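Number of protein chains: 4
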Amino acid sequence: METANGKLGVLVVGLGAVTTTFMAGTLMYRKGLGLPGGSVTQMAKIRVGRGKDRKYLKVSEIVPLTDCKDIEFGSWDIFPMNAYESAMNAKVLLQKDIDPVRDELESIKPMKAAFDPEYVSRLAGQGGNIKDGDRAALVEQLREDIRKFKSEHGCDRVVVIWAASTEKFIDYNPAVHSKLEDFENAIKTNDKANIAPSMLYAYAALQEGAPFVMGAPNICVDIPAIWELADKKGLPIAGKDFKTGQTLMKTVLSPMLRTRCLGLSGWFSTNILGNRDGEVLDAPENFKTKEVSKLGVIDTILKKEDQPELYGDIFHKVRINYYPPRGDAKEGWDNLDIFGWMGQDYGMQIKVDFLCRDSILAAPIVLDLVLCSDLALRAGLKGTQRWMSFFLKSPMHDYTQGEEPIHDLFQQYTMFKNKIRELGGYEPDEELE
Amino acid sequence: METANGKLGVLVVGLGAVTTTFMAGTLMYRKGLGLPGGSVTQMAKIRVGRGKDRKYLKVSEIVPLTDCKDIEFGSWDIFPMNAYESAMNAKVLLQKDIDPVRDELESIKPMKAAFDPEYVSRLAGQGGNIKDGDRAALVEQLREDIRKFKSEHGCDRVVVIWAASTEKFIDYNPAVHSKLEDFENAIKTNDKANIAPSMLYAYAALQEGAPFVMGAPNICVDIPAIWELADKKGLPIAGKDFKTGQTLMKTVLSPMLRTRCLGLSGWFSTNILGNRDGEVLDAPENFKTKEVSKLGVIDTILKKEDQPELYGDIFHKVRINYYPPRGDAKEGWDNLDIFGWMGQDYGMQIKVDFLCRDSILAAPIVLDLVLCSDLALRAGLKGTQRWMSFFLKSPMHDYTQGEEPIHDLFQQYTMFKNKIRELGGYEPDEELE
Amino acid sequence: METANGKLGVLVVGLGAVTTTFMAGTLMYRKGLGLPGGSVTQMAKIRVGRGKDRKYLKVSEIVPLTDCKDIEFGSWDIFPMNAYESAMNAKVLLQKDIDPVRDELESIKPMKAAFDPEYVSRLAGQGGNIKDGDRAALVEQLREDIRKFKSEHGCDRVVVIWAASTEKFIDYNPAVHSKLEDFENAIKTNDKANIAPSMLYAYAALQEGAPFVMGAPNICVDIPAIWELADKKGLPIAGKDFKTGQTLMKTVLSPMLRTRCLGLSGWFSTNILGNRDGEVLDAPENFKTKEVSKLGVIDTILKKEDQPELYGDIFHKVRINYYPPRGDAKEGWDNLDIFGWMGQDYGMQIKVDFLCRDSILAAPIVLDLVLCSDLALRAGLKGTQRWMSFFLKSPMHDYTQGEEPIHDLFQQYTMFKNKIRELGGYEPDEELE
Amino acid sequence: METANGKLGVLVVGLGAVTTTFMAGTLMYRKGLGLPGGSVTQMAKIRVGRGKDRKYLKVSEIVPLTDCKDIEFGSWDIFPMNAYESAMNAKVLLQKDIDPVRDELESIKPMKAAFDPEYVSRLAGQGGNIKDGDRAALVEQLREDIRKFKSEHGCDRVVVIWAASTEKFIDYNPAVHSKLEDFENAIKTNDKANIAPSMLYAYAALQEGAPFVMGAPNICVDIPAIWELADKKGLPIAGKDFKTGQTLMKTVLSPMLRTRCLGLSGWFSTNILGNRDGEVLDAPENFKTKEVSKLGVIDTILKKEDQPELYGDIFHKVRINYYPPRGDAKEGWDNLDIFGWMGQDYGMQIKVDFLCRDSILAAPIVLDLVLCSDLALRAGLKGTQRWMSFFLKSPMHDYTQGEEPIHDLFQQYTMFKNKIRELGGYEPDEELE
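Chains as they are written, first to last, in the numbering used here: chain V, 1 to 433; chain B, 1 to 433; chain G, 1 to 433; chain U, 1 to 433.
Read the hints as simulated data drawn from the structure, not as lab findings. Please read all numbers here as calculations on a predicted model, not as lab measurements. Keep in mind that a hint or two might mislead.
As the list claims (entries may be wrong) - Listed next, the in silico SDA-like pairs over lysine to any residue satisfying Cα-Cα at most 20 angstroms (straight line): (1) G:Lys351 with V:Pro324; (2) B:Lys131 with B:Lys188; (3) B:Lys179 with B:Gln401; (4) V:Lys317 with G:Arg319; (5) U:Lys7 with U:Glu152; (6) B:Lys55 with V:Glu430; (7) V:Lys317 with G:Ala283; (8) G:Lys58 with G:Glu72; (9) B:Lys91 with U:Leu65; (10) V:Lys55 with B:Gln411; (11) G:Lys96 with V:Gln349; (12) G:Lys304 with G:Lys232; (13) G:Lys55 with U:Pro405; (14) B:Lys91 with G:Ser265; (15) G:Lys232 with G:His397; (16) G:Lys351 with V:Glu430; (17) B:Lys351 with U:Asn321; (18) V:Lys96 with B:Gln344.
What the hints assert, rightly or not - Restraint ranges, calculated between C-beta atoms of paired labels, are given here: (19) U:Asp282 with G:Lys304: 41 to 49 angstroms; (20) B:Asp398 with V:Glu427: 25 to 33 angstroms; (21) V:Gly128 with G:Lys304: 31 to 39 angstroms; (22) V:Thr300 with G:Pro284: 26 to 34 angstroms; (23) G:Ala124 with V:Arg122: 27 to 35 angstroms; (24) G:Leu295 with V:Glu305: 38 to 46 angstroms; (25) V:Arg122 with G:Leu295: 17 to 25 angstroms; (26) G:Lys192 with U:Lys52: 44 to 52 angstroms; (27) U:Arg47 with G:Glu422: 53 to 61 angstroms.
Said to hold, decoys possible - Taking beta-carbon pairs under 10 angstroms as the criterion, some of the chain U residues facing chain B (in silico): (28) Gly274; (29) Asn321; (30) Gln344.
From the three backbone atoms N, C-alpha and C, an ideal C-beta is built for every residue, glycine too.
Could you put the whole structure together from the sequences, leaning on the hints where they help?
Spelled out as structure tokens, the structure:
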């Protein structure tokens, strides 16, 4: 594998709470001023070898990971605020954790965004830092942005990651999204209904040789046309939807139930959050995109067909509520109705109240996905990177072939560790369960 | 391995809520009237084989498990009520789930218990169905009970399992508990301070060729003297403390934190329960036994020495409160203070409220431990059965050699599956993490 | 005041969970078999007199309340099940609390309902026990039902109370709802858009001399046209929406905040319930009716204009979610974001999880409203009975005159007690706060 | 009544989190920089007059309240840190809310404390800012402190308030605590077992003409000997135990249950907190003092004798747990088991999780109690001030005469308002319920 020489450009779509928390935190961390808690690439120790040869190594000791010090940050956003202003506005980090890297943050000024208010109605008319042009023109401008950033910052490699809004729900349309040729025609003909802005970023990134990661539930790179492009260009892609709070919990509690053969009759999940993400999701068409992403989680872990007596009739509901008083401090409340010995007449309840911080949980995932994508790039891995499912709420998989996603956090982690072991020349474990 | 021919006697120490729920439920189940939810031996499907040979089988399809229909139930208790009366008194199961097996339950009349009020002060003076004699005499009576039960019920094999009270805390005393010879001398000299009643049951069982399982946190079989006896007699033992509600959750959430590199600053657990278990634990000396069992869980999963920045300073507190209004419907409330990106200034909280049912969760564990112990017996496995850790809050391990317990539920499950695979002639997976 | 001689007919619109719980419970109670917990008319003791003359009396010792033994029950419903079948179907009460009054319940067979599927879309096509005819014809049939019930059951007086579904939201339309004449014309012209089925029951009841109570949030009797009719006929009316769980809590916690001068920045309320009420409210147009009823509660207790620094910017959101696994066992989860000393930078949170039972909380309110309405009838009180606000989520008041509702539970209780005192010949207290 | 001329000295025993939050907040507020949220004297509007004469006035518009600008702050503490250092150490207020009043806070240096480690074992050996001498000598030094403070700061009046630790539990001892003469003899004879340090402060304050308020649950001024002294000197006293979080909630939810005739079978309350208060209460002998204070609340609101079917068998348990990770951000978790219609078979649960801030809730109560005590002083009110019960967890009352405390928050508020009305020349309301 290529070693991680030179600089890595990290271009983030969206310069909001998550992105600035990721940037400020990474900048602080590389100055020795902040803990990269939650980042597996920076903190985890993975077992390699077996029996007597067994040892625990950090990821960077197993594979040639890019050092955080070699990252150059860039961004697009519809708001013209620089990263410092945006970090202050986001009210996630304390002044004391922003000030030491204020200069670096101020120098990160967002490029104009490729934006379509139809896709994010709640932000229509806001910001103004927006590109003109039809879909094809926007692609060209984005490609130019990437080339320019790369040369101006002297980057050897670039990764593009989406940390912007959830777009409105659009269906997978085989006539457009299935084949690269059709997809490219739709761009040329400015097919706004089928080509979401996020797809333009993904397409531009891949055309410029950059891996692309989708951090929202947008289908964007979760379509065969883009897989075809990634394959053709030999580039890795990953997605979708950062797995932060409630879904993280879900992919841990579900395996507990399955392992213990405890039945599930209902799972109700509700969220309150007051950041821009919450505002955007207040629109039903955008929430639907999120809902689809969040609802899939349980079914593949607690399989109806395998255990009909336990999982044959699960009522699963997910709600997200915009609630401004809380800002970025998202709260997820879950209720599970479970049963076991002697069945449903002896129901039990598990309630989980997760008082989390959206951006604090997402930031290390951004860092991990960026570094793993770059690692995959250098390792010559192309197409959907299933081993990164660990970080994602709705892991991409080849649904056209009936492939199933892996949601169980611990199986995902085994996949992740196995890939790191493999890339590091160690033997992976063979099975997941 | 020997196949499971003939009848299996299951002698349970304590005929209270857990035991009667186990018995009534098993009786209903074998009549086709009840779901054995929560029972891994009855419901789980385990992957055996790899790659193309991969298949999912029930435990009884992999190994020769005793059929529930071949179980004969017996018990000891200080209260003279039969299993039907005790089940009614426990108010766990509904009338409709007891009536169809009323006759069988009524026929289960508890033998007199070997009891010492010093060890369970809250029950002092109650019951009255109690044996007379010093420690040595009690052992003889218990052995006679087992022999008699075996012959009267025509059992080929017997397993003895403790589902009675938590005894008061006693320290591991090397002068008594380390060597079998010393231990036997202490019985002979009626050393009440070091020989708890539970030890008499364990000793009697092993002498009579029966595996013994400790379902409470009593140290009982968790001492080298008993290991020596088990080894000498070639018998399996297991313990200790059924892992039902709050600790089950703990051994699932801790791995989540570790896997995601999220830090933990504090974990507060409180319980309210109103059954006899709660009453007994209301005595500080008995609670201490439980506390020790419950407190150990986190440390071996979230290791201070491995991740000092994340787990270097965890404040862990566990409380149990006797609260009669709730009866057997135990409620566990947990609060976790966690942190990640940029450290403790950005703390988050996870709160779990588990409205469970003590006996409903424990009953299938009793069944599983009994059947697995019998399986181990026939397979010629002797000594502490670590692969049964999956069912236990405080899994036994050889602490005299500095061995560490495995608490992570998913690692425990892998151990369990591996042993089942191995006993079934399949290849186990090699590593746990 | 007239004493309560003879029989009181209680005609309930809707024979579902609430109604059958009310009926079965009242029947059990009058047989000495059940506790009328939650019923103020049956259990409360009210202080009358002052200083040395102070004493505490039950309501029936102060005023001539109808005895529960003198009640005759009747009902309308779209489902043809009798009250016994419906009670069994509702799964609220245990068999043991239904069987002793099975005969009485079986004899309560629902009359055909005046139903319009446009108003309750989720129940469209169900039931079938439905009257034919236009609005005017339905009124005539309902009046005939009342007269017939009265004569067949030998009732001296009748009260009609709505315990059926929440209808879809309709706006107060001054052209129809303001004057009785216009209202009656709309019935004649079969104006389905403005005349909800519930209005037909109210109109029929009042025309037949029966007080009417609205237990759902339907505007029904909360319009000047009906006030005019009630006035003309000299009859009491009351409404709307039984105050059971979450709103009850809200009208208690809000006064706490106000009394202590604690500020409120947000209040999020969510519900999960799985009974027919939940199913009906799953339709957005029906939920809107409920939402309007539930949202009004806080504003009149925590007044923006009185304490702008504390209550100037409250974000209040209410959600109801249909969740079948829970049946009638509704769960309400509330989160309050509050602040005090030194303002919003020192925010605090109160979370309330109310595991209630919808019908168990509503049934005594039905009984109280029925008995109080009958009392009001005999006392010659006419029009909206504000003193019954205590039982109602959205108490009726003359909004055309800018009158404000009283939501504070304790002020409502003082109003209630004062009216009882007054009717009993005692001096009421003068002020509410 | 005397108007509030000149300066008011406020001497607070204990210069910890509560006191510095009170001082810093009051200093900020009087500079126009902070909201006195939670302070009834500063923010509430009280109705005076009736009918047409009805109007809503602030407390200071009704009675001549001392202006916060006229307060001079002083303190005693065993730690020598000044109020600025202590406020920083307490980590309650943000830097931005301390800095503008840093100079004033720095000038508040604690006088040496009258301390006995026997009474607060967890603080034994800490601090060092401690007076020498026997009980009698300590009294003299405290009196001298008060006189000196008064003259140095030019105060017209002084109020002494205890905001220090909960002392170990001591029983009311009639031989010492009943008569002033006996009490004074016990001081002279240095009777450490019966004379707690807090009593020395109370005695010294009253001897110097200063009202005394007990903010912890110490019995201190809740004994007839001190009542005799207060009476003799014509001074007001108040206590005990600031009503902040969990108990506040309890005195609001209990009235809700009673008003609605809902039964209560159990109430479990647990707390986690990590400040010095939590540390002190970790000692069982100190917790007992607190427990007694917290347990009394329910019984006088939900009276067994009045409603035996509803309140005849309440199981009430209160736990406090020292939990350092949370600091001053106390969390109180309550579970109520309630019932209503058809009794206990249909139990329901209310769970309240109160994420509060101990000092933020206590600070405004300190301000209110100080200003009300000074008002009482000028109004010539002497002895126990029951109208201040509103602020107190365990309101003082004449238990020697069988008098009962008032715990219902809304009744307490009526008492408070009535006294303010009375002192302002308005007619009070006559009855409380």
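Violating hint indices (sorted, rising): The structure breaks hints 8, 9, 11, 12, 14, 16 and 27; every other hint is satisfied.
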